[in-house]
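Undergrad: Spelled out, the chains give:
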Amino acid sequence: MEFWSAVAEHPFLRLALGAGLLASIACGVVGTYVVARRLSYMAGGIAHAILGGMGAARYLQVVCGYDWLTPLHGATVAALLAAIVIGLIAGRCREREDTIISAVWAVGMASGVLFIARTPGYGVDLMGYLFGNLLMVSPADVGLIATLDVIVVGLSLLHYRQLLAVCFDEEFARLRGLNVQAYMMLLLCLTALTVVLLVTVVGLILVIALLTLPVATAGRIARSLWQVMLAGIGLNIILVVSGLVVGYEANLPAGATTVLLAGAMYLAVTGVAAVRHRLAHRLVRGQ
Amino acid sequence: MAVVPAIRATGLDFAYNGSLVLREASFTIAQGDFVAVVGPNGGGKTTLLKLILGLLRPLRGEVEVFGRPPHEVSRRIGYVPQQFQYDPRFPVTVADVVRMGQLGSRAAWNAVDSRKLVALALERVGLTGLQHRPFSDLSGGQRQRLLIARALVAGADLLLLDEPTANVDVHGESDISALLQELKETMTVLLVTHDPGFVSGLVKHVLCVNGRVSLHPTVDLGEVTPEVLQQLYAAGTRFVRHDLHCPPGECSH
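Protein chains in written order, with the numbering used here: chain A, 1 to 287; chain B, 1 to 253.
Simulated from the structure, these hints should not be mistaken for lab results. Backbone N, C-alpha and C define an ideal beta-carbon position, used for all residues, glycine too. Errors might be hidden in some of the hints.
[Claimed, not checked] A few chain A residues facing chain B, derived, Cβ under 10 Å: (1) Thr32; (2) Ser224; (3) Val228; (4) Tyr248.
[Stated by the list, open to error] Simulated coverage check for chain A against chain B, where a stretch passes if three residues somewhere in it have a Cβ under 8 Å from a Cβ of chain B: (5) 98 to 106; (6) 152 to 165; (7) 174 to 183.
Make the full structure from the sequences, and use the hints.
TA: Set out below in structure tokens:
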């Protein structure tokens with residue numbers, strides 16, 4: 001295939017592949033918690049809020065001359081800030097969770113649009129942030145992605161039993177002496193960092209698809225949380241590599257291609273499961 | 001030396017958003033007792049359980065479990081919530097659920113001990129061999145017994161159950177009743193239920209909760225008159241006595 005010989009030839013493709021594979025690992029682990037605890041809307045809010053951070057970082061880089069600052073740095077700060085704000089307000093105030101998430105979502109995007117409007121040459125950047133551009137990943141970006149990956153996967157596995165208990169039954173976890181609010185905050189921060197990793201791959205609008213669809217598919221075949229994590233990592237790797245290959249060969253955007261493949265896989269597996277369930281039901285009724 | 005009661009509540013008041021749910025609740029439950037907590041919906045049964053568990057703090061008064069504040073003896077308290085509050089599709093195995101009961105205990109750090117205790121707890125509730133089965137595959141009755149195993153695995157002396165037979169079929173109900181019969185020999189049991197009939201042979205006391213709380217022995221029913229029940233439920237009640245044997249044909253009412 002042309003893609004693999006191009007990978008051997010062009011360093012930027014190797015960087016794209018490396019970033020995609022690294023993001024897949026964190027995505028499989030944290031996506032499992034997000035789907036199991038039904039935090040998808042929260043992750044969506046964080047993902048959209050980081051446009052503010054990316055825009056601010058780009059503005060400071062271009063207009064104020066902070067050359068060391070990249071949009072990925074801004075995204076990391078904004079994602080953690082959004083997670084902390086959502087976690088604190090949801091945990092301590094009697095405010096509806098969906099209202100807080102919507103507010104963070106909209107305010108983050110609006111401030112991002114304002115910063116980008118004030119930054120020269122914003123058009124190309126905006127598309128890259130919204131829909132991702134793996135082919136523009138720099139070696140420094142891969143370094144940051146690898147660092148975030150180690151943090152996310154390390155903390156998720158270190159606190160596996162506690163996070164499992166908090167996700168399954170908050171009340172019982174509290175009875176067993178766990179600081180449930182602290183673990184929920186940890187989970188939100190891990191989700192925020194994973195969203196940052198994925199923004200490079202598929203962009204902030206499509207993050208939710210890659211965070212949830214492969215894991216939801218894995219949930220159809222796995223029995224326990226750690227099995228879903230392993231299967232989710234595997235499916236994410238397959239999808240990211242397939243998205244890059246198909247995108248390169250057919251000259252299509254890799255991020256959107258990856259998400260469409262994830263959607264098709266999820267629909268196919270869900271459809272097969274529904275047909276099998278109906279057949280089994282008919283068999284039982286026929287006996 | 002006097003034996004410390006399992007639960008002692010003194011003058012408990014509790015309110016949600018300024019609305020008083022429990023008023024001056026005072027009662028004592030001895031160790032080894034088997035108590036059915038009954039009362040109408042919204043009467044404060046689950047609130048009372050959560051006060052005993054230390055999940056809620058009373059507005060006034062205090063509750064002691066084995067002579068200590070609840071949060072200091074949480075390891076000695078096993079809690080079985082209503083099973084339908086769980087997401088049945090959550091990807092978790094039977095063993096994972098039981099292991100949650102060991103959080104914070106020493107067994108959690110030793111894989112061999114942990115496995116042994118999980119197997120023992122499952123054997124005790126009649127779910128041996130189902131360790132690797134997904135939670136979603138279990139029936140309502142099996143899920144309830146699994147939650148009892150999770151409550152027991154850390155060595156509880158007091159078991160609190162919140163409507164354990166809700167959404168459970170007749171077979172499941174009789175399995176849970178048999179299990180409770182066995183457990184009452186070794187621990188204090190407090191059971192919230194709308195249907196005390198399924199454990200009528202086991203219950204030593206009935207705790208009636210409807211804003212106010214009153215504890216009545218099931219042997220001496222003198223205090224639980226139809227008037228008391230009418231006052232508690234504010235509706236028509238049927239008075240079933242399990243301490244009398246009525247030969248067939250002789251009981252018309």
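Undergrad: Which hint numbers doesn't this structure obey?
TA: 4, 5
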